[in-house]
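*Asks:* Each chain, written out:
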Amino acid sequence: MTLFAQAFRPVGSNRVDPLLVALWIGLILLAVIWIAPFVFIVFTSLKSNASVMGTGAFAPPTDLAFDNYVAAWARGNFSTTVFNGVLITFIKVPLGVFLSAMAAYALARVPMRGSRPLFLLCVFGTMIPFQVMLAPIFQQVNAFGLINTYPGIILPYLAFGIPYQVFILHGFFSSVPKELSEAARIDGASHFTIFRRIFLPVSLPALSALFILDFVATWNEFAMALVILQDPRKWTLPLGLMTFQSQFQSDYGQLNAAIVMTVLPAAIVYLMFQRYFVAGLTAGAVKE
Amino acid sequence: MAKAFPSLRPQTQGYLLIAPALAVYALFAVYPMLNVVWMSFSAWNGLSPTSRFVGVANYRAVLTSDPVFWGALTNTVYWTALAVIVPNVVAFGLALALNQNLPGRSGLRVIFYLPVIIASIAVATIWKWMYDPFFGLFSNLLTTWGLTDFIGDWLGDRRIALWSVFAAYVWQTVGFAMVLFLAGLQNVSTTLVEAARIDGAGRWDVFRHVTLPAMKPTITVVFVLSLINSLKAFDIIYGMTGGGPAQSTQMLAMWAYTQSMQLGDFGKGAAISVILLVVTLAIVIPYLRWMQTQSEASK
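Taken in order, these protein sequences are the chains called A and B.
Heads up: the first sequence runs through residues 1259 to 1546, numbered per this note's numbering.
Heads up: the second sequence runs through residues 354 to 652, numbered per this note's numbering.
Extracted from the complex, chain A is given alone in its bound form (with noise of 0.2 angstroms):
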């Protein structure tokens, strides 16, 4: 057992400590608990009814009831929810990230009157929950006429998504040398071309941590889609699966199929790409 040949030492010490294996143990029992009801959930979605109600929340299902899915799919509209999700994710999040990418690029290289406090009202916005005045983004979103349609959802959504990108590309870009970009300013290039031909790639790292947490964040958003997506045909995932819940309550199985198929994209996103994800909470949040 290799795995286990330098494990249980503390720093500095090369004897087995028990304190440590103890520690170990305790934490393998509360990520089992962690992890439980993510297998409850998978179960039941297998199990018929009268199985659920039959058998223990652990018994692993023996019916293998796929059916459910299907039901739950057709149920829960999950084709509608699915391409408006998609649609709204990947037009929201690339163009998301490049606008903040511009923004952050000449408030971090550009020397412009009034970048310090364009940049202090951008940190600011990262603070501002937008739960808190729902009603107030529904008034302004319907004063465009767009309620119900796809842009009436896209631009809350980069409004509430800009501040903490920006905030996090500007840290980026700051810290690029010099050197990199005073050279082709002296050869005549422009801010335009040095932003496209030098800081967009070699941000590239950044760019796809901040994409990869806005692709999650923007599928599960709920409040917001709540308020400005009324008509069934525009909803999104979370919309259906909450509509889901109030309807059909007691078909478990299905109910817990349509959890499934909600949490699925974004639980394989993340497992893909899981060191993109601390990459981009902790760099805004923790200084080096």
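It cannot be assumed that every hint is accurate.
[Stated by the list, open to error] Here are a few chain B residues that face chain A, going by a calculated C-beta distance under 8 angstroms:
| id | residue |
| --- | --- |
| 1 | A374 |
| 2 | L375 |
| 3 | K481 |
| 4 | H562 |
Derived by calculation from the structure, the hints in this document are not laboratory data.
Even for Gly, the Cβ is constructed at its ideal location relative to N, Cα and C.
We have chain A already, so just place chain B on it with the hints.
*Replies:* Chain B in isolation, oriented as in the chain A frame:
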């Protein structure tokens, strides 16, 4: 496009780069925040073309004759106080443990973080189903263990509903704080820890005099972020109880939404939003000042 204006002054180019982001941000984030203040002094039902200025009538109505407001405020205060303590203490413990030399710790980290990336409405649905008094996880387990007396109507009993929702919130948020604490622990110097150990310092002394001081900035960040996040608690309440039973899980953000969007009283809803915004700003502005002094000190 880039070649189209090679002769623009650098400052103009800068403004052009900022313009799209700034326009969207100003129109759909800054303007609603200012507008809500105006709305809180007027009467509007969401349908009629005009609204009417009514002075402080909305605030008076909310503070004196709204039977739900004070309950929602009390719940918000309790919720916030617990939300900055419980998940963060658990997360700090987890981060300290996962920072040790233990096998499989990256896998454990993934597990504890997983609930964070789940849509909060899905978290609400999962927990509502687990709390199901007939076939849910808890009643099922308690039946198996022969503890049927402990089966309760966790979301239907107004004395415990709020805390049942809070348990789901803890499960959902611990991972977030844990990741931030783990990142902060990377800044704790291992040489310093080692030196203290060699000098005969015990575990507690090392923690107290080396780890904790180095973690101070991270602790402040997590404290403020979890404070703001707790004010956002909307999806999970909406999805689990909708504010019920008998408004016992009602919170301010949710009550502002209910007043405006469901009862059609935009003025009163706006007044509640403004009260909540003022509370938020009272936390955010000192925090931003502190961040600024921190970043200037590090320069």
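*Asks:* Does the nearest C-beta of chain A fall within a distance shorter than 8 angstroms of the C-beta of B:H562?
*Replies:* 15 angstroms, violated
*Asks:* Under 8 angstroms is the threshold here; is the Cβ of B:A374 close enough to any Cβ of chain A for the hint to stand?
*Replies:* Since the shortest Cβ distance to chain A is 4 angstroms, the answer is holds.
*Asks:* Hint check: is the beta carbon of B:L375 less than 8 angstroms from a beta carbon of chain A?
*Replies:* 7 angstroms, holds
*Asks:* Restraint: B:K481 near chain A, CB-CB cut 8 angstroms. Satisfied or not?
*Replies:* Nearest chain A Cβ about 7 angstroms off; hint holds.
Checked against the numbered hints above, the structure breaks only hint 4 and satisfies the rest.
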